[in-house]
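Participant: Letter by letter, the chains look like this.
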Amino acid sequence: MILMLSAVVAGIVCGRFLGFHLPSELVTGLLMVLVFVVGLDVGGEEKILSSIKANIPLILVQSSVTIGGTLLFAALGVLFLPLSLKEAMGVSAGFGWYSLSGVMISEMASPFLGAVSFAANIFREMIAIVCIPLLSRFSPLGSISLGGAASMDVLVGLIARHNSKKNTLVAFGQGVLVTLSVPVVISLFFRAG
Amino acid sequence: MFLLILAAFAVGLLLGMRGHLQKIKRMKLVLPITLFLLFVMGFELGTNEELVRQLPKIGWMSLSIALLASLGSFLAAFFLERLLRKVRKGWFE
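If you're matching them up, the sequences are chains A and B in order. Number 192 marks the last residue of the first sequence (numbering that gives the first Met the number 0); no jumps. Number 92 marks the last residue of the second sequence (numbering that gives the first Met the number 0); no jumps.
Since the hints were derived computationally from the structure, they do not count as laboratory data. Keep in mind that the hints are not guaranteed to be accurate.
[As the list claims (entries may be wrong)] Once the Cα atoms are required to be at most 20 Å apart in a straight line, the calculated SDA-like pairs of lysine to any residue come out as:
1. K27/B <-> E45/A
2. K52/A <-> K27/B
3. K164/A <-> P56/A
4. K27/B <-> K164/A
5. K46/A <-> L14/B
6. K85/A <-> L59/A
7. K46/A <-> G28/A
8. K164/A <-> R87/B
[What the hints assert, rightly or not] Computed beta-carbon distance windows for the label pairs:
9. G28/A <-> R17/B: 22 to 28 Å
10. K85/A <-> V10/B: 41 to 47 Å
11. S5/A <-> E48/B: 30 to 36 Å
12. S163/A <-> L30/B: 29 to 35 Å
Quick reminder that beta carbons are idealized off the backbone N, C-alpha and C, glycines included.
Okay, chain B solo, but in the shape it has when bound (with noise of 0.2 Å):
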């Protein structure tokens, strides 16, 4: 599965960078087709009612694995922000 979906994104990247098919970019499909997928991925958790019962667990966890992962992103690029600055004043204006 994963081998398809990175085919069709690197086909409808070298075709977007060619300029191909602008007309499937004007019909606007990003905003309906993520629509129905996270419809359909409620659906398959809303069928499942051991994951239901799971619902506040699922919460936390993921609360905690997003404020680490900001924290780890933040402190990643300030670091490299203060060695840019060192090596080279005036980087940032």
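Extracted from the complex, chain A is given alone in its bound form (with noise of 0.2 Å):
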């Protein structure tokens, strides 16, 4: 995270000085090529994919839930938020994977709303540090899902400290399945511009 976080600053430095613009295909290019790696590293996972499947049920309707509860309360937000309505639904619509929404929403809305979608997922990643390890007895489900799409690789390590074996699968599931839940829905709320 850090890493990432630096990785911005320098750009928004070297743009401060430099102050010339980059072609948007190179973005749109790269972004191509970083879905599709990750489409072939969570295809490439078979142990990992064939014991999502045998508790499919219940990581449907975990990862439905935290897409649901996430959407629903975020559109709470133009009740004092200078947004409308597609616009606070689609920043939370990173679910945690703050690198991809911040990119993609800056591309098909204003680098404004990918800045703030990028800075929002951030930030969730952090509250669900922090609250994982105190939440997941009182609520494991509940914990796992503030993990958002960051439950199958960044959390996955602090959620399996915290929680069951049964349970870790299905955090690592609602990763998988919310990961691959961002870049459509983040399409669905800004293809239209």
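Mind docking these for me? Both chains are given alone in their own frames, and the hints should help you get the complex.
Facilitator: Pasting the structure below:
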């Protein structure tokens, strides 16, 4: 996370001093390569995919409530933030995958919204890191859903330390499904521009 | 643009499931590409003075969204859990 934040800060500093624009085709191309490789990674994990299949009903419901709960409550943001309903829900739709949501939304909507989404999803990951150890005893599934898309990579170690094996598997499955949903949900919100 | 990205994702997933292109997997491209994309995102932010002025606003807006989003998904999963416990005791050991 620190590495990723440094990349953004370095970019801001260089952009400030150099001041020329980079072609957006470059970003689209690199995004394609990125999601292609992530797809390849997820698809190639045969063992994990088959153990997810065994628990698929719970994982499907858990992923749906994670996505639904996030979007529903983010929608409340319209009440006190200068955002439209589409924007408030859209920026939350990184579900913790801040790098993809930030870059995608700054390309599809505006750099301002992209920055909001990037920061919102970093904050979400920090909230998850603090709250998962505190809440996992009280509500395992609730704590796992905080992790969103990151519960298959960045947060899986933390989740495993505080949860049963079965719930760790549910967390991983949720991470996979929510990760898959990120480009789809963001496209749904922002494709009309 | 979104169609291109979704297509790239779908093709990657399918090829991965069939065990193709293991060489590309071993190249560990995700981190360098991600870092470069974030650099580019920051770069675009930096060239836009208006946006640099708005950074404090971006901070509180994003924190509000993050708190709402986390609360929403926690509550949704919490109620799911209670429902499942009622329906089937001993689902979680």
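Participant: List, from low to high, the hint numbers that the structure doesn't satisfy.
Facilitator: Going through the list in order, the structure violates hints 2, 4, 6, 7, 10 and 11 and respects the others.
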